[in-house]
Amino acid sequence: MASVPSVRPGATASRHRGAVPALAAVALALTLLAVFLAYADASFNGYRLQIVTLVAINATIAVALTLTSGFTGVFSLGQIGFLAIGAYVGALLNLAPQWKSEMFLPGLPGWLAAFDTTGWHPQVALLFACLVGGIVAATVATLVGMPLMRLSGHYVAVATMGFLIIVHSVANNWSGVTRGARGLSQIPSYTNVWAAYGCALVAIYAAWRLRVSPYGRAMIASRENLIAARAVGVNVHRSRMIAFVVGAFLTGAAGPLLAHQIGSVAPSAYYFTTTFNVVIMVVLGGMGSISGAVLGAAIMTLAPEYLRGVEDGMDLGPLSFGALFGLSQIILAIAFILVMIFRPQGFFGDRELGLGLLRRRGPRQDGDEAEVTPTLAPGLDVGPGDGASR
Amino acid sequence: MSKSPNESSLVGAVSAQVREAPGGRLTRRVILRRGAAIGVSAPLLAAAISRAPRAAARQETPNALSGEPVVIGAPYNLTGALASLDNPARDGSQLAVDELNAGGGILGRPVELRIYDGKSDVTTVTNIVRQLVEEDQVSALVGLTDTSYVLAAAQVAQDNGVPYLDVGGTAPIITSVGDYVFMIPFGDNVQASVAAEFAQEQGWSTCALLLNEGMDYTKFLAQYFADRFDDDDIGGEIVSTLNYGMGDTDFSGQLTEFKNLAPQPDVLFISAGPDEIGTIVAQARAAGLTMPILGGDGYDTPLLTELGGPAANGVFFTTHQGIYGDDPAGQQFTAAFQEKTGQAPNSVFAALGYDGVRLMADAINRAGALDGDKVRDALAATQGYAGATGQISYEEGSRIPSKSVAIVEVRDLKPTLLKVVVPKTVAPA
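Chains as they are written, first to last, in numbering that gives the first Met the number 0: chain D, 0 to 389; chain G, 0 to 428.
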């Protein structure tokens, strides 16, 4: 495993060298974040707080997709299925029992219908829902991943999309439990910025630890060159399974956060639109980059909100524009096209933010080039994951 | 308006970008990069600018209205799946605001309708409703036509104590969200009861039921109809119930099964959405089912006759009053809408959106203040309000109007009003 191209000899040394400043930088960043969140929590109105919170929830999902797809090159379009599972699990656990009976859910087992968390501390109930949501999603991912993670390239994209369609159909038709297309509403608003950013930090930390672990190197090796990775003994299926299941856990844990923020869960909110939004976040930030995923999530949450201002119409000197709804999507789409033309690898490509402190990667031109050009037998570079990685 | 400083700075930034090309040479790549930078930054700048002059852009009010405008928030799904319902509703709401500003306004103050697009996405809808309520501090909310979105919006309104009128969601559960949430349309239980009672009047005592299992609206409408139809005072019998799924286009299996029933049922109740019913009607007639077909307000779009063709004749449906018949309020609305937009309203949702704003204005005027609690109490006390979609009264403790329902028959490919009725008994919600 050690001779795989992306594992570089200087790795350990540079990590040790940067350890102290890196810790200081992380501590500083976390403090700044905490100060900002405390300020936001105290003085923002509910609308702005919701946007700030959604950035963190989307970042969690995007980081999870980076882990699942960016690291391994296994392009999953089923991620939002896990989000839906987590959201429904969270909603069904924490809905007040009287609402469960008011909404008439005959398919619920008696214990779940009577399950009452209204007496719990909201944050405890939320944490509990996140853990259960994550575990259920990870269990499903284990079953689904067994066959699917043996596929590659387009096949795995289509197959995981099939999984998403199944989750959507179940949510739409199992009306005794999910209330079908009507969805569940009246989910108490437990989510706050601390919970959302806590979850996002856990996701980032988990993804980063995995990335620098032997498992992570195996994932990247199998993405860069499937045949070479197999040849040096990487268990491709196992490393993909780990990425898929951990990604599903993190996404499933984000589900209850979203449900408790928005207040309702409906199948239509967990389908293709959301899927492609998350894919755009990851591609925009750079597939394989955790920092990129966070940046992409922030852009994709803030930009549409900000650009909605354009739609109301405006006066520019002699020119007056009437309201033009739908304009913000067009502007965003054009911006994405431009980014993909001028920076097809996304903002971060494969690299991470952190001035070389957090990551073992060397100086920019060196590290970047080495990652893009496989050093081992370029002629063999036919791994199906390769195409998906850029 | 003179050239604004914002605009000149924008132009300046653009020309500076072009001038500063390195070495004075504009290579293709440089131009592309600069173009991209401008292309990305211009809309961002524009967004920043557009936030500011919204107040200045507000329309002038020539008459005696004075003071700060009363702002009513109007969340609508103007793009995406719900656009075909929400755009007419938005037009209706805007018409109502224009009329208010030409007349007495609200509390003698001008009215502003702040419209945001929910993009048929639940998360965006909660975003815009929060923005309206918490950032723009609107006095009241009117909007949305589908239950899922209405429920999401209603919760935000309820949490913040802002009165909200649902324009088109018909599921009775909507008002369970709380006491600030009121419906403009009748509940599905009401129109289903009217349909059942109408069937009895016509002497149709046996019925075959076909329903779309993939939509809430169709599922619950069928359920309410069946409940009321076999009540003792009606004594009807559902002889067969068959389902189809969302997106189905071939209904011949179900229709053949109905054809094989002996004796044939007196009537077919088909609980379908707007985009399927025309096809079903055509296939039913082709399968030799000649009995009358009955359904709900989902039939109320031009698609019924466009897709059904001559087969649509002899179809009966219950719907909101407003663009049919000679109800003075409805006719007045139709005339005003035609004058403003140049065409007759082709969807009853325009009238619903109109009524939403008018009733909210009426309630605020009755309350005498913009205070959320007072407006809520005034709304709850509404009795006999003559809306374009019928009389609106909220019974004690209910926020679903007990409202008259129009029964329409398609004759010569024209929806023709038969009568406007109130159900004798309403199936429980």
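A couple of the hints might just be wrong.
[Stated by the list, open to error] DSBU-like cross-link-like pairs, simulated, lysine-lysine; straight-line CA separation at most 35 angstroms:
1. G/K258 / G/K339
2. D/K99 / G/K258
3. G/K218 / G/K413
4. G/K218 / G/K423
5. G/K413 / G/K373
6. G/K258 / G/K423
7. G/K418 / G/K339
8. D/K99 / G/K413
9. G/K423 / D/K99
Don't read these hints as lab results, they were simulated from the structure.
Hints and how they fare:
1. Only pairs whose Cα atoms come within 35 angstroms are accepted, and G/K258 paired with G/K339 is rejected, the gap being roughly 48 angstroms.
2. For the hint pairing D/K99 with G/K258, the CA-to-CA distance comes to about 41 angstroms; that exceeds 35 angstroms, so the pair is violated.
3. For the proposed pair G/K218 and G/K413, the alpha carbon gap of about 27 angstroms is at most 35 angstroms, so the pair holds.
4. Simply put, G/K218 and G/K423 have alpha-carbon atoms about 23 angstroms apart, close enough for the 35 angstroms limit, and the pair holds.
5. With a C-alpha separation of about 44 angstroms, the suggested pair G/K413 and G/K373 falls outside the 35 angstroms cut-off, and the hint is violated.
6. Using a Cα cut-off of 35 angstroms, the hinted pair G/K258 and G/K423 holds, with the two alpha carbons roughly 32 angstroms apart.
7. A threshold of 35 angstroms between alpha carbons decides the hint, and for G/K418 with G/K339 the separation of about 28 angstroms falls inside it, so the pair holds.
8. Straight-line distance between C-alpha atoms of D/K99 and G/K413 comes to about 44 angstroms, which puts the hinted pair past the 35 angstroms bound.
9. Distance check on the hinted pair: G/K423 and D/K99 sit about 31 angstroms apart at the alpha-carbon level, within 35 angstroms; holds.
Violated hints, in rising order: 1, 2, 5 and 8; the structure is consistent with all others.
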